[in-house]
Amino acid sequence: MKRLRVRLVGIAALALVVSGVALLATTSATARPKATYTFTYANVTDKSPLFKLVGDLMVTDGKKVGITVKRFDNDFSASTALSNAQLMVQEQPNLIIDWTGTESIGNSIGAIFKRANIPCIAVNQTIAGCPYFNLQNKYLGLGAAQIVVPIMKQKNWTSKDTTIVMLFNPGAGAEVNSNGRYFYSYVSARTPGMPKRTPTSITDSTTTIGPLPSGVQINGADALEPSYTAMKNELQLLPADRHLIVFTQNDDSALGAWRAITQASRQKNTLIIGQGADADGLKNLRTNPSWVAEGSVFFEFWPEYQLAMGVSILNGVKTPPLTLAPQTVLSKQTVKKYYGNGLHPIVSPALPVQDRYLIKSGILQQFGNVPGVK
Amino acid sequence: MSASGRESTIDVKDASFRGVPLRRRTLREVGIQAFGVGVFYVLVLIFFSIEAPHFLQYSNFALILADVAVIGIVSIGQAIAIISGGFDLSVSGTLPLGSVAYADLVNHGVNYPLAVFIVILIGAGVGVVNGFIVARLGINPLITTLGTLSIAGGLAYTITNGVTIPFTYPSAGVWGNPAFERVQWGVVALVVLAVAGTLVLRYTVYGRSLYAIGGNKEASRLAGMRVNLLTASVYIVSGGCAAFAGVVIASQLLAGSASVGSDSNLLSITAVILGGAALTGGVGGIPGTMLGVLLLGTIANGMALMQVQTFYQQIATGCVLLVAVGFGRLRSYLAGTG
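From first to last, the protein sequence lines are chains A and B.
The opening position of the first sequence corresponds to residue 0 in numbering that gives the first Met the number 0, with each subsequent residue numbered one higher.
The opening position of the second sequence corresponds to residue 0 in numbering that gives the first Met the number 0, with each subsequent residue numbered one higher.
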């Protein structure tokens, strides 16, 4: 009898311990966000610190909202992207996000995802059958032009004494190179006497616009050294007293061009626009009087937008043809609003109308950096 | 050069081929090729003087010289490597490594001459690795220097994390500053190195030995030359030149970047071949190489001034280079040495 009582007490104690542990487990499970989905994400490349940051944030942001993200590296290579597409399908995720970084392979990759019947998101380059997430380069050109035109007027720069120099990368495709062309188009439309051009009428073959010339397009290959060399050569052709408005497609290109301009002592007659808002670009925008605008596409916020887009797709929301990445052109007046005094953005631009469907996913609210999303 | 072996002693000066002393024959061939390319270069100059606005100006020639300074310095090392029968693809990794190392050093307060010295040592270090693998392990220079290209280029990206490093102190860009009348110190360095390289190759035992091992490595070995040591030395020189070229480009840009000089290996090999060298080794020279470098730089400059469309520039450059090589060979043929 005594032995039975001891056994009962023992069983009761064990039950108490088990139920306690179970209670603790339940409590901690509700405290942490529950992992509801698994996404696979192929980053464009992990070799660039900026792009690597996007890949890293995709994983950490995913964890924050309860999505497990398994990442791959496309390494800017078509063959690697193709191979990664197969590997991602093997993982059988709920959704695939693919930033291939290579043009013209979207059909083959789209076919792989379609065969596996896995929903997908195409980032920056289109993939057949996948909703598309990207920036729009034309807005970077137009945004910069809206900053530059008033400055030109304030300085009394006219079509007779001003040349717009567009540094472009002929291998990068029409979309990437369109920003400078929209820039020229907008500025020329608002500058009496400057030859008007539509953005599409300026192509990779265009070298000069107008006899003075009012516009020139030179190959900076979106890199430091080629931009420096190309700008040095071009300065030979443009009279020293001519005002220059230099539009570049990234900050390395802007730095190379700027070095050529300072070597030629022409900085006082120049306005320059960078893109990318990297450390050098932000520093110049804040301190260099000639550096008047800086395009920013807020790469740091891309993961949360894409996660929200993924959850929306899984919730059955019909996405627009293009979900716009956050982007704006910073001026000396607005840089503090978006970047404070630092090098990373603190707040995203407001959601454009077509992106407002992302709000319902409930993801953006967890980051608290998109204005108007509560 | 007298070899140490008693029975196989050969004097390079006495080495002959088809009755023509080797050195004299080599110099004649190079001279003829360089003369052919030289004539072609004059034609190019005349063409651009007529067609390209602002081409025939002093400031533009100073610009061309500044443009070719970097690739010229790389080409001096490359010429020595090719003359000795090898070649060095790793310059495209060593150059950016030198560029970012210099930027990093001067930004950390290292004084400029010491920073340059350290960077040259880094380049020489890459050369030591190349030299050891090629000379001692007998691995093909193509594979070896391709490997070290990847390592050195990767190191440059690792140091910078892929980001351009601007100079904290713009005064560190001394090689990009004008020495006199718009001619940069980098150009002066190129001229000094070119003259030194020419003198070494032509008038020293070391230089003549390089021609000998480039012409016939086995014969040179049998003649008692220290072929392995000589082979290793050319990669050290080439690595040092490439790293120093990195300093010059960083000075010009006032920034170090892992992306600079990515095509410097092919451009330098092209310049050396245009200057009369053969990929099989044993032939070539620094003056011809400098002519090749100038030709490449002048074509790029002239077409930019003519505002030729980018895609056509590539095609035109390729065509002009083929014609230039053909010109040199034709000249050799007419002179009876082709």
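In short, the hints are calculated from the structure, not lab data.
Each hint should be verified, as a subset may be incorrect.
Claimed, not checked - Coverage of chain A stretches by chain B, computed from C-beta distances (three or more under 8 angstroms per stretch; other residues unrestricted):
#	segment
1	88–97
2	198–208
3	211–222
4	252–261
Owing to the predicted nature of the structure, the values given are computational and were not obtained by experimental measurement.
Every residue gets a Cβ at the ideal spot worked out from N, C-alpha and C, and that includes glycine.
Hint check:
Remark: the segment 88–97 of chain A is not confirmed as covered by chain B, as 0 of its residues place a Cβ nearer than 8 angstroms to a Cβ of that chain, below the required three. Counting residues of the segment 198–208 of chain A whose CB lies closer than 8 angstroms to any CB of chain B gives 4, which reaches the minimum of 3, so the coverage claim holds. Counting residues of the segment 211–222 of chain A whose CB lies closer than 8 angstroms to any CB of chain B gives 4, which reaches the minimum of 3, so the coverage claim holds. For the segment 252–261 of chain A, the stated coverage by chain B holds: 3 residues have a C-beta nearer than 8 angstroms to a C-beta of that chain, and at least 3 were required.
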